[in-house]
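*Asks:* Could you slot chain B onto chain A? The hints should help.
Protein chains: 2
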Amino acid sequence: MIERCLGAQRSRKFHRALRQCKVTALCLVLTVVVLRGIIGAGEFGTPEKDFYEIRNRLYFPSRKRGGDPHRVLEERRATSSSFATHDRNHYKNNYDEFNVKMFMEDNGEDDEKPDPNEPYSRGPKISNWDAQRAQWLNENPDFANFINKKPRVLLVTGSSPKACENPVGDHYLLKSIKNKIDYCRVHGLEIFYSTALLDAEMAGFWAKLPLIRNLLLGHPEVEFLWWMDSDAMFTDMTFEVPWERYKDYNLVMHGWNEMVYDQKNWIGLNTGSFLLRNCQWSLDILDAWAPMGPKGKVRDDAGKKLTKELKDRPAFEADDQSAMVYSLATERDKWGDKVYLESEYYLHVNWAILVDRYEEMIEKYRPGLGDHRWPLVTHFVGCKPCAKFGDNLAERCLRQMDRAFTFGDNQILRTYGFTHKSLASGRVKRVRNETRNPLEVKDKNFKPVQSQARTMDTV
Amino acid sequence: MIERCLGAQRSRKFHRALRQCKVTALCLVLTVVVLRGIIGAGEFGTPEKDFYEIRNRLYFPSRKRGGDPHRVLEERRATSSSFATHDRNHYKNNYDEFNVKMFMEDNGEDDEKPDPNEPYSRGPKISNWDAQRAQWLNENPDFANFINKKPRVLLVTGSSPKACENPVGDHYLLKSIKNKIDYCRVHGLEIFYSTALLDAEMAGFWAKLPLIRNLLLGHPEVEFLWWMDSDAMFTDMTFEVPWERYKDYNLVMHGWNEMVYDQKNWIGLNTGSFLLRNCQWSLDILDAWAPMGPKGKVRDDAGKKLTKELKDRPAFEADDQSAMVYSLATERDKWGDKVYLESEYYLHVNWAILVDRYEEMIEKYRPGLGDHRWPLVTHFVGCKPCAKFGDNLAERCLRQMDRAFTFGDNQILRTYGFTHKSLASGRVKRVRNETRNPLEVKDKNFKPVQSQARTMDTV
Numbered sequence: 001m002i003e004r005c006l007g008a009q010r011s012r013k014f015h016r017a018l019r020q021c022k023v024t025a026l027c028l029v030l031t032v033v034v035l036r037g038i039i040g041a042g043e044f045g046t047p048e049k050d051f052y053e054i055r056n057r058l059y060f061p062s063r064k065r066g067g068d069p070h071r072v073l074e075e076r077r078a079t080s081s082s083f084a085t086h087d088r089n090h091y092k093n094n095y096d097e098f099n100v101k102m103f104m105e106d107n108g109e110d111d112e113k114p115d116p117n118e119p120y121s122r123g124p125k126i127s128n129w130d131a132q133r134a135q136w137l138n139e140n141p142d143f144a145n146f147i148n149k150k151p152r153v154l155l156v157t158g159s160s161p162k163a164c165e166n167p168v169g170d171h172y173l174l175k176s177i178k179n180k181i182d183y184c185r186v187h188g189l190e191i192f193y194s195t196a197l198l199d200a201e202m203a204g205f206w207a208k209l210p211l212i213r214n215l216l217l218g219h220p221e222v223e224f225l226w227w228m229d230s231d232a233m234f235t236d237m238t239f240e241v242p243w244e245r246y247k248d249y250n251l252v253m254h255g256w257n258e259m260v261y262d263q264k265n266w267i268g269l270n271t272g273s274f275l276l277r278n279c280q281w282s283l284d285i286l287d288a289w290a291p292m293g294p295k296g297k298v299r300d301d302a303g304k305k306l307t308k309e310l311k312d313r314p315a316f317e318a319d320d321q322s323a324m325v326y327s328l329a330t331e332r333d334k335w336g337d338k339v340y341l342e343s344e345y346y347l348h349v350n351w352a353i354l355v356d357r358y359e360e361m362i363e364k365y366r367p368g369l370g371d372h373r374w375p376l377v378t379h380f381v382g383c384k385p386c387a388k389f390g391d392n393l394a395e396r397c398l399r400q401m402d403r404a405f406t407f408g409d410n411q412i413l414r415t416y417g418f419t420h421k422s423l424a425s426g427r428v429k430r431v432r433n434e435t436r437n438p439l440e441v442k443d444k445n446f447k448p449v450q451s452q453a454r455t456m457d458t459v
Numbered sequence: 001m002i003e004r005c006l007g008a009q010r011s012r013k014f015h016r017a018l019r020q021c022k023v024t025a026l027c028l029v030l031t032v033v034v035l036r037g038i039i040g041a042g043e044f045g046t047p048e049k050d051f052y053e054i055r056n057r058l059y060f061p062s063r064k065r066g067g068d069p070h071r072v073l074e075e076r077r078a079t080s081s082s083f084a085t086h087d088r089n090h091y092k093n094n095y096d097e098f099n100v101k102m103f104m105e106d107n108g109e110d111d112e113k114p115d116p117n118e119p120y121s122r123g124p125k126i127s128n129w130d131a132q133r134a135q136w137l138n139e140n141p142d143f144a145n146f147i148n149k150k151p152r153v154l155l156v157t158g159s160s161p162k163a164c165e166n167p168v169g170d171h172y173l174l175k176s177i178k179n180k181i182d183y184c185r186v187h188g189l190e191i192f193y194s195t196a197l198l199d200a201e202m203a204g205f206w207a208k209l210p211l212i213r214n215l216l217l218g219h220p221e222v223e224f225l226w227w228m229d230s231d232a233m234f235t236d237m238t239f240e241v242p243w244e245r246y247k248d249y250n251l252v253m254h255g256w257n258e259m260v261y262d263q264k265n266w267i268g269l270n271t272g273s274f275l276l277r278n279c280q281w282s283l284d285i286l287d288a289w290a291p292m293g294p295k296g297k298v299r300d301d302a303g304k305k306l307t308k309e310l311k312d313r314p315a316f317e318a319d320d321q322s323a324m325v326y327s328l329a330t331e332r333d334k335w336g337d338k339v340y341l342e343s344e345y346y347l348h349v350n351w352a353i354l355v356d357r358y359e360e361m362i363e364k365y366r367p368g369l370g371d372h373r374w375p376l377v378t379h380f381v382g383c384k385p386c387a388k389f390g391d392n393l394a395e396r397c398l399r400q401m402d403r404a405f406t407f408g409d410n411q412i413l414r415t416y417g418f419t420h421k422s423l424a425s426g427r428v429k430r431v432r433n434e435t436r437n438p439l440e441v442k443d444k445n446f447k448p449v450q451s452q453a454r455t456m457d458t459v
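Chains as they are written, first to last, in the numbering used here: chain A, 1 to 459; chain B, 1 to 459.
Bear in mind the hints are in silico, worked out from the structure with no lab data behind them. Check the hints yourself; a few may be wrong.
It does not matter which identical chain is used: a pair holds within one copy or between any two.
Straight-line distance between alpha carbons at most 25 angstroms, and here's what the computed DSS-like set of lysine-lysine pairs gives [said to hold, decoys possible]: (1) K162 - K421; (2) K149 - K338; (3) K162 - K388; (4) K125 - K429; (5) K338 - K125.
Chain A extracted, bound-state conformation:
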């Protein structure tokens, strides 16, 4: 028909042009499709999802389609939940840097579906835990809860049983646990790394509550449980927690009394790194803390209430940190006298406040200070290395996590005569010549740590 309309010669030209256009169009379409999968510019929709979909289809054909579920047992917050002990103004100026939206996305839910008709139950109430535990300790003197006046401590952390959505996420989880292993070995702490969601309703940032409860009851020999987020790292390998300071307290968190009790500020304390004594009081506060946690309507409604009641809190579902602020602020008489809000050293510090200053710290200060000069724990709030990448923050997070890790690792390696070539490098070099008498050159500036007897895991 085209030939009849245009004539033979023109028809041939038309067909030739059409063929070339088809090839051109096909190439362009293919290119756009694959580029979209790789580059992922915003205009294309959810490109990271496509990228991982392509990767999954090609590399893991037997894996379930539809993207990896969210993380569990990880603290996900873009909180500016730490005030620099000496620079609150600096913190406030940087508040906007933290993308609260990221906090509200991907809060680590597992894809279990609890029965909405079943009321949430935390198990039978225990009312005499102190007596039970005292009797057990009396019968098991080999597992004393104090050794040389130092409490037996179990450091608890964890992550999802599933691989991270982000290909490098598990690598940073690995570095983080290696970092914790080092600190704990030096300081005589035990570690429990959880990869199990013990209660489907208490998923996401709430998953730590049933875990902590089970561990307290399962380890009567443990005096203090130290919860630490997987995105928090030890950056002072020498600093020893001042346990004696807390002899009359049961819960220690980084924070400020006025921010919690006076302002009811949702970031007046931080639950990414805290100490909890193994006692009846702690079981009671866990019970008081938990009700806002069950996911779904309960958590959503609780979130609205928390946003209304707490200062500066954005709108999102209830998180454990806000719930703790609320509990303490509204029931200060009940809990306050046993809660220590610590701000003299960095039981936790928001990474953004000081990660650019590691070189300055190395030049001016030394390990063992634990505070703004040499922070005990650097906490990468808002970074979420395990979740899919969202924005430019990711690149900065990973780079700074590497630096923080190396900053801590150098303090370990130095005892063996090594150090990293730079804070950005995984490579190491010798800084102390080998000798025929290695025991004479052990660093005399630091004292050996106290011994600690082991926990009683009966397996």
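*Replies:* Relative to chain A, chain B alone:
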């Protein structure tokens, strides 16, 4: 000029065709390039390398170009290096399943370039380590090398400072260290997780030697160092190593005397999981072991020698396991009386022999046996989850590693009243009702482990 040759009209046609061809060609080139990076079919060369190159360029623009370096500090072998204690024939039938080619690729070299003109040096020879150590122990009674007759043990493992080439590799490294943390907590062992290559020449499977030496010298309080590969997992959380059996020995490996000393079989023993006493003898055997390690000509030539001298060894560069077989077989008088080749329980077992039998084990046996009925350590030789995927073996490896991990994890979770829903599932369920008296229901079948004082990391 074209216009002069062809005439105006033809020239326009020519130019138009040329433009269309250029567009077509550009599209085709772009499409091929990005497809090559994504799909990675063999004909395109090293597609996985391009895929990660593209990913790196787009997601990590500040990272160094050139592809990810190989792994370090990991045991890479496709060895059939373990004979089933009760089923050597079964093992031999499965030998071909292990892809020795995989072993020879990607042996974990870091991309450091040691100076070929510098002779390899392991540092000044120490000749009186026993005396130095005895004096130190005498001066530091808080850090005794034995507690209640049990030796102080440091479990050592590690992996590369860089993220795995395989996106899920780090996830399996993470599960593996969580598994080791659990066993060590139960049994009173300390852990050192290394992510540093201490000696550029001794890369790949040889990296453990300088690490072990530095740790022995850095931890005089440690009596035994237990090296364990990152691809080995504890599958019996109850079994206690029979330390008393080894009181007159300095090196314990899984293996068989006749396979090593009579046959000089390269898989007559396994160096993926072994115990090494902290003493002068051990420093000496490390010195004797190391010479085949330096990468390059030394390692290549040594490989040829080992292939010639050892039974059934394929041709590839010298590995630490073959070198140990060779050292023992050729210098039995020098070392043999202090080496215990253990075959009564699975200090290591090749995964392929028994991973399909976990359900049968659960049905018939119980933890604490440590042998073919309930193996202490399941070792995923040949799997290399951190390296890029090579073939169908990868899928089976990951699935079985999950099962082995869960098999071990169930033994830990049970103490808290939980278990996984199946060996293939990351989800857990309660198997013991909660109670108001949790201490009355602690499992009475197993005894508490002995306490162990901490190591002396001075930081």
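*Asks:* If a hint holds in the structure, say so; if it does not, say that too.
*Replies:* Right, here's what the structure says about each hint:
Within a single copy, K162 and K421 get their C-alpha atoms only as close as 34 angstroms, which misses the 25 angstroms cut-off; across copies the closest is 15 angstroms, which meets it. Proximity of K149 to K338 under the C-alpha cut-off of 25 angstroms is restricted to the intra-copy arrangement: shortest distance 20 angstroms within a copy versus 41 angstroms between copies. Taking the shortest Cα distances, K162 and K388 sit within 25 angstroms of each other both inside one copy (14 angstroms) and across copies (19 angstroms). Only between protomers do K125 and K429 lie at most 25 angstroms apart by alpha-carbon distance; the minimum there is 20 angstroms, versus 56 angstroms within a single protomer.
Taking the closest pair of Cα atoms, K338 and K125 come within 25 angstroms of each other only inside a single copy of the chain (21 angstroms); across copies the shortest separation is 57 angstroms, beyond that limit.
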